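Protein chains in written order, with my numbering: chain W, 1 to 375; chain D, 1 to 375; chain X, 1 to 375.
Derived from the structure by calculation, the hints contain no laboratory data.
Just so we're clear, the structure is a prediction, and the values are computed from it rather than from any experiment.
For glycine and all other residues, C-beta sits at the position ideal for the given N, C-alpha and C.
Among these hints, one or two may not hold up.
[Unchecked claim] Cross-link-like lysine to aspartate or glutamate pairs, in silico, DMTMM-like; alpha carbons within 25 Å at most:
#1 X:K372 with W:D339
#2 D:K196 with W:D86
#3 D:K370 with X:E328
#4 W:K52 with D:D339
#5 D:K119 with X:D136
#6 X:K370 with X:D136
[Unchecked claim] Some chain D residues judged to face chain X by a derived CB distance under 7 Å, without partners named:
#7 N28
#8 V109
#9 A279
This is what each chain is made of:
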Amino acid sequence: MTNTLINNVPKNPVNCNDHLSGNPFLLNCWYVGAWPHEVQGDAILARQLLSKRVIFFRDTAGKVNALEDRCSHRFAPLSIGRHTGDGVRCMYHGLVFNGKGTCVEEPGVKGVSRGTDIKSYPTAEKDGFIWIWPGDPELADEALIPDCKFQNQPGKWDWEPRYRYFNADYRLILDNLLDFSHLTFVHENTLGGSSKIANIKPKTESYDKGVRITRWYLDEEKIAPYLRGFETFEGRIDRWNIYDMETKGNVFNMDSGTAPAGTGAPEGKFVPEAMLFHATQIVTPETETTSHFFWSYAHNFNLGNPEFTTMLTDRIAEGFEEDKEMIEAQQVIINENPDTPFAYIHFDRGLSAGRKALAKALEEEAEYFKTKANQ
Amino acid sequence: MTNTLINNVPKNPVNCNDHLSGNPFLLNCWYVGAWPHEVQGDAILARQLLSKRVIFFRDTAGKVNALEDRCSHRFAPLSIGRHTGDGVRCMYHGLVFNGKGTCVEEPGVKGVSRGTDIKSYPTAEKDGFIWIWPGDPELADEALIPDCKFQNQPGKWDWEPRYRYFNADYRLILDNLLDFSHLTFVHENTLGGSSKIANIKPKTESYDKGVRITRWYLDEEKIAPYLRGFETFEGRIDRWNIYDMETKGNVFNMDSGTAPAGTGAPEGKFVPEAMLFHATQIVTPETETTSHFFWSYAHNFNLGNPEFTTMLTDRIAEGFEEDKEMIEAQQVIINENPDTPFAYIHFDRGLSAGRKALAKALEEEAEYFKTKANQ
Amino acid sequence: MTNTLINNVPKNPVNCNDHLSGNPFLLNCWYVGAWPHEVQGDAILARQLLSKRVIFFRDTAGKVNALEDRCSHRFAPLSIGRHTGDGVRCMYHGLVFNGKGTCVEEPGVKGVSRGTDIKSYPTAEKDGFIWIWPGDPELADEALIPDCKFQNQPGKWDWEPRYRYFNADYRLILDNLLDFSHLTFVHENTLGGSSKIANIKPKTESYDKGVRITRWYLDEEKIAPYLRGFETFEGRIDRWNIYDMETKGNVFNMDSGTAPAGTGAPEGKFVPEAMLFHATQIVTPETETTSHFFWSYAHNFNLGNPEFTTMLTDRIAEGFEEDKEMIEAQQVIINENPDTPFAYIHFDRGLSAGRKALAKALEEEAEYFKTKANQ
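Chain W extracted, bound-state conformation (with noise of 0.2 Å):
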């Protein structure tokens, strides 16, 4: 067999190891910092985003507030202080700190000393999760908060959150959810489960927010090995995942399913047997080589049954593992090799259109500092 030039290369492909140089993430959007429920009561949750080290915390109210996790005095990080009222206590000497990161107290004064405010994030509790805005505080608009309704609909969809740590650059994750192609090899016995996967070509589409990729797999014999035991009917399927990624904030609202084969599901006709799920992942940066994914995988069959929504998510989670192991491991020879760049081939052209989206994202944004930077 020898190497065949294949004509449907894109003349100019983006460089798919672009990560390796300039500005590594979007700073002005929405970004999922945590689900609600780590952020409970007095609870205050450290986490790091974005390579900042954030707190967030609840005032009275409820309202969830971020700080940076750094006590402007003496660098005691804030995460191990306490709650207090509508702020936080630096438990080495004492300072508070409200929502905005304003001083409010300093022990054995009136008032409080100059220069020990510190900074705080715009954030918002929408869709089930809580969103914070690393980037310039002007621009942040609610408005601009990706759309994750597929949380946001009880009694239609059952959904449980999740979470998982990447030793790997968020980049490498959301080439990875614009691929189909790896079902096959990395979730042969999970997600997967038919070699013609490989095989089927999708349809790459631009939109105002980001890319959709379209995958149809009509007509196969056997249901996916996640959903075995789960079968709300029997024979040959058609099968489907219609992936929006939104560049800012790397979010991706998947509609997928599987139907009784020909009942019309391409067609948008879905038969009451047909199981239909609509998935939730988000990628949020921790560091250049880190990444938080908050993910849910709602379902609109056997409502109302926690522990099947825990026993589907937990087999997609399976399946998030095997990506995991795959994409760290891509990751550390990524490092070793920072000059080498990646081969192109025929099916990367979904994760090079969502590759170029965000190229051009974050130009503009550098864009947009730097004009600000100047006047």
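Given chain W's structure and the hints, the job is docking chains D and X onto it.
Leaving out everything else, chains D and X in the frame of chain W:
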């Protein structure tokens, strides 16, 4: 509440994270290198001090020697060597070094090869410590060894030796020892116990060798938590901490006590039931970001009762664990923010005086080495 | 005792820590990459060699191949891939590579995309080893594979394969193997056993491929500790170690033995009860500061007794553990003192000759690559 300017901030506060640049520690002074019981018989003790790897061992007359922990030949550590007579044999190729670092034996030949001697350090044993002089040996005058007399009055004061390792810059430990305001917050249930402590203004004085901090807490309702169960009297108390910090060697001698309120302690009159303490606390840098802490906590009551001494010392140690947790957390954040200055608050007067004395001594030493290099 | 100048120090001793600068290892030579039993059936063996991550696997005809352990596409390691036919499939997106590194399959398309081939390395299997050529493949002549004939004489010599990992620069291991004076100190209770060893001067000779070190210990009272219980005779002994070190590939062939004293061993006459050994010891750099050590210890007596071979080899291995501890300790100190030269002593003649031969070969190779780059 608004930020109010505090007028007692010094006009030119020393930059309290000056540890981030310049020569990190004094070399021309005596530092505690070990407790005598760590270097008994044929023991070879390995320890890193002031970024130098050193071994301590005794000669046949019992005198302690300190050598660099590196054979001149192929850099095998002498700490995995063997004590032999008055010296140490490298157990790789058999070279023997005496207490001056002179190579006195090379197997298979008469005499020894050129260039095989290694560095030795002046040492001394005084007041219950083994001291080492890491700087210019010409200046190593034993008269300069700091006074740790509280450890040298058997029958009047009982104590036991303790050691703790810190993953932190020694200056953060000095800051902590010179500051009492943190007792309320860090040591709420151990050394502190009163929220009033955070509001009492200490007296800060300079003297020829360093800084003295004096703090009196008069007519307190309760004894500190660490003394509960050990009381020699009942009722309200006067309590004090008077710290002498010697800049050279980072030596803290603390005169401390708890007496029945109003019985004259502030005037130097101590009723028999007054509980007096003499703490000796010494910080020897290991590297720029790690430290050794040697300490004891002598008491004048319940003498001749080693179990009591251990119990009391354990209570203090519990408090130091709280400091260690805080200081090491602080160090992590400092490492991540090398260029951000600390904010200065009202209670920093004491530690700021300590930092100033240290900065001055470092400057003088730099001048000394510069002059010497030019001779 | 005073420091005496030793006259037999060479006028220009090679700087024995020259490993601290320049090209760290030879590339244009055959190195041992693996034992054949490590690459059986469908196994894919991952190993880092000469700072390159490599996989070894066999094709259907049993021939060993070596490829870089990195898929060209997205840098997934092929070592977590799957053996398929004569090649290896990357288990991320399914690309298949043959033993030459040619990409022969890309899922979902006919042919393969451009630029997907990866690097392969010349390999060979000879004298009980799998060899790899990390340098210019044009020079990879199998006639250059070092002779390890002692492993290739079944019925005359019994041995078993061993492997040990060192956290140390390979040159420190070569130094150790070329030096016998350390037997007295490091191996007092294992390979050494006599303090006389440290005093016997070895003969050092150069030959075309490297260095030969010869050391005879005549009329010793006792057999070495590692042979106790295995004696074939009683009484005083003659003992010898004759090392041939080939610079290219770091190959040591040692002719060693213990014979009844005065029975003619130094003249090449071996009585039947003489215990003869042929050690094969090969150091392959993993990185600049870590190494692979492949070795065997063949014996001519008690043949056909695998339990005995294991027992004897275990005894030797015990000695190598002592070396490993010392060499790794040495490496730590060297890392902390990159600019300090070693002192040269009387017994360094052997290892110094080895270092000189290596330095010369490194220089010649640098010249080769320079000339080639300019063509």
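### Message
For W:K52 and D:D339, compute the direct alpha-carbon distance and say whether it is at most 25 Å.
### Response
holds (15 Å)
### Task
Grab the minimum C-beta distance from D:A279 to chain X and call the hint holds if it beats 7 Å, violated otherwise.
violated (35 Å)
### Query
Does D:N28 pass the interface hint, meaning its C-beta sits closer than 7 Å to a C-beta of chain X?
Cβ of D:N28 sits 23 Å from chain X, so the hint is violated.
### Given hint W:D86 paired with D:K196 - CA-CA distance at most 25 Å
holds (23 Å)
### Message
What's the verdict on D:K119 and X:D136, does the C-alpha distance respect the 25 Å limit or exceed it?
### Response
violated (46 Å)
### Distance restraint between X:K372 and W:D339, which requires alpha-carbon spacing of 25 Å or less
Holds, at about 23 Å.
### Query
Is the straight-line distance between the alpha-carbon of D:K370 and that of X:E328 25 Å or less?
violated (37 Å)
#### Entry: Given hint X:D136 paired with X:K370 - CA-CA distance at most 25 Å
Holds, at roughly 12 Å.
### Task
With a cut-off of 7 Å on the beta carbons, see whether D:V109 makes it to chain X.
holds (5 Å)
Taken one by one, the earlier hints fail for this structure at numbers 3, 5, 7 and 9, listed in ascending order.
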